[in-house]
Amino acid sequence: MSNQFLEFEKPLADILDKIDALRGASMGDVSLLKEIQSLESEEEKLRKKIFSKLSIWQKVQVARHPKRPHISDFIPRLFNDFDELHGDRQFADDASIIGGLASFEDIPVMIVGHEKGRETSEKVKRNFGMAQPEGYRKAKRLFKLAERFSLPVITFIDTAGAYPGVEGEERGQSEAIAQNLAIMSQLKTPIIVIVTGEGGSGGALAIGVGDHIAIFEHAIYSVASPEACASIVWRSSENAPDAAEAMKVSAQELIKIGIVDEIITEPSGGAHRDYDEMASLVKKSMIDALSKLNQLSTEELLERRYQRLLRIGS
Amino acid sequence: MNWLTRLIPSIGKEGDGAKTKKSKVPDGLWNNCPACEAILYQPELEKSLFVCPKCDHHLRVGAKTRLAIFLDNGDFEEFGSKLKAKNILNFKDTKTYEQRIKDAVSATGENEAIVTASGKLRGIDIIVAAFEFRFLGGSMGGVVGTKFVLAVERAISEHKPFVCFSTSGGARMQESMISLMQMAKTAAALEKLKEAKLPYISIMIDPIYGGVSASLAMLGDINIAEPGALVGFAGRRVIEQTVRVDLPDNFQKSEFLLEHGAIDMIVPRAQLRSTVARLIGKLYKNS
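Chains as they are written, first to last, in our numbering: chain A, 17 to 330; chain B, 311 to 597.
It is possible that part of the hints are untrue.
[Stated by the list, open to error] Quick look at which bits of chain A chain B covers, simulated, 3 or more residues with Cβ under 8 angstroms:
# : stretch
1 : 100–110
2 : 118–126
3 : 184–194
4 : 225–238
[Unchecked claim] One-sided excerpt, in silico: chain A residues whose CB lies under 8 angstroms from chain B:
# : residue
5 : S47
6 : L48
7 : S330
[Said to hold, decoys possible] Okay, derived cross-link-like pairs now, DSS-like style, lysine-lysine, Cα gap no bigger than 27 angstroms in a straight line:
#  : chain 1 : residue 1 : chain 2 : residue 2
8  : A       : K83       : A       : K160
9  : B       : K502      : B       : K595
10 : B       : K392      : B       : K470
11 : B       : K396      : A       : K308
12 : B       : K412      : B       : K470
13 : A       : K160      : B       : K394
14 : B       : K392      : B       : K402
15 : B       : K396      : A       : K272
16 : A       : K69       : A       : K299
17 : B       : K412      : B       : K394
18 : A       : K204      : B       : K502
19 : A       : K69       : B       : K402
20 : B       : K504      : A       : K272
21 : A       : K308      : A       : K83
22 : A       : K160      : B       : K430
23 : B       : K592      : B       : K507
24 : A       : K141      : A       : K204
25 : B       : K402      : B       : K592
26 : B       : K430      : B       : K502
27 : A       : K308      : A       : K65
28 : B       : K412      : B       : K402
29 : A       : K61       : A       : K34
30 : B       : K392      : B       : K502
31 : A       : K300      : A       : K69
32 : A       : K69       : A       : K83
33 : A       : K26       : A       : K69
34 : B       : K402      : B       : K504
35 : B       : K392      : B       : K364
36 : A       : K272      : B       : K402
37 : A       : K272      : B       : K405
38 : B       : K507      : A       : K160
39 : B       : K430      : B       : K396
40 : A       : K204      : B       : K507
Simulated from the structure, these hints should not be mistaken for lab results.
All residues carry an ideal CB built from backbone N, CA and C; glycine is no exception.
Just chain A, with the same shape it has in the complex (with noise of 0.2 angstroms):
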């Protein structure tokens, strides 16, 4: 467990160490129990307090954690009887790219989101999370769909951008990502998106069209990877930290531009330490955005989406 701790998160490691070390030791010794309380309430207030300030390169960092809840995490925590619809019907089933039916609280809804894999063989399946055109077209796919029989849709992005690749290019990587964005802008159900760990470029933006943004607490969202932002502006992707802050990545930035909604709270220490509050959090927001969207007629909700694209950087 300790290996899966951030630089910054090191203190917390040596006090959660020392709790195990007592607890081996303890063997029902009540002054040592004390310690041990005492330990943990130390170790409480030291995680409020470090993710209470990170400084932007660690929200990166918080972003990306290899135990960071993804989509397959938050299916069997928020929705019922999920189906898993596959493929693009032209070419392949990118796993990096998951969707389906479900039900959330008795009402059918369409998923799609992102998966980066957990270990490294399922890593290598899901490509990393990053898409093939043949994930966006399979997305663009079950989006179409959702708005045939009036589903609301309801996306997770978490991934470091869109893949660069010699077959994406064949395939069309930029038609697949510019169609969807040209569909899910005029698509007549309700679209709510959630960013729940990294939001990279175009291959995010390319599921994140929609009426609700909802970002967590210390996830990312930018135009580039702050390594490519780096390597374009500074020439080195040394440079990254640099611009994660000069790209202000962070929820906390970005909801006073006006790019996202809504901030999710994290558990403290982050989504990582509690899925279950991290999905109970995240039922919570998409219960309250799903209602209240659903008070709009499909003229006002199109309206609203397309003003809300055109108020940005104008």
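Position chain B against the provided structure of chain A, taking the given hints into account.
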């Protein structure tokens, strides 16, 4: 009076009253072709629409020159030229974003990386946009997106076809998410154009990458590329670093795009006017 100077005085009759500077044509009478290094005589180059007569390489031209050689008599009325970018994120790298804009304005005489205008193509009234690559690599920030949408909305309200010459390095890093969202904003406006049953001809000019390629450039009802234009999502170097393979010479060139089904046709610069006019003539009923 040569061909271009004859056109220049008619360039830039402003819709919104701003003063336009002349488009910059490479200085001096002699130039080298960047592809074959042939020595080119400027007046000859202008006559050939800045296409190398030796190797057929299509040289890059500025946005206003582009409009002048495309539209009837080189005439167009620019609109939206006063819009200028703001440093909303207070972005600073080795220079501030304000300084970068200032430098780009003085280097190009444009206020932003896109020029939007109305004009005539073989007698048909059209709305046209052209990216200015020399302005921060033709990158798309909030103002570029806004001007593009203004142009599309104008095409809709005046019931005119829309043509865009895209050439861009992609998103503008200094505007991060504001820049990224322009991809969705421009795509959304083009959906409105589609609803209004007006044609959008996207003309791809060397080079187009990233956020502009993955939005407005690929969304043409008809996608046209000039010969030899590089168009892709990720740059060649990024791909080589990621997958460590040797890429074919024609990778991401117009010919590659045509072969893989991304574009409808490759049209040499000298035939763009006649081709686009013919296509619009078939798609568009002026009713």
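Query raised in the report: Can you list which hints this structure breaks, lowest number first?
Result: 1, 2, 5, 6, 8, 11, 12, 13, 20, 21, 22, 24, 25, 27, 34, 35 and 39
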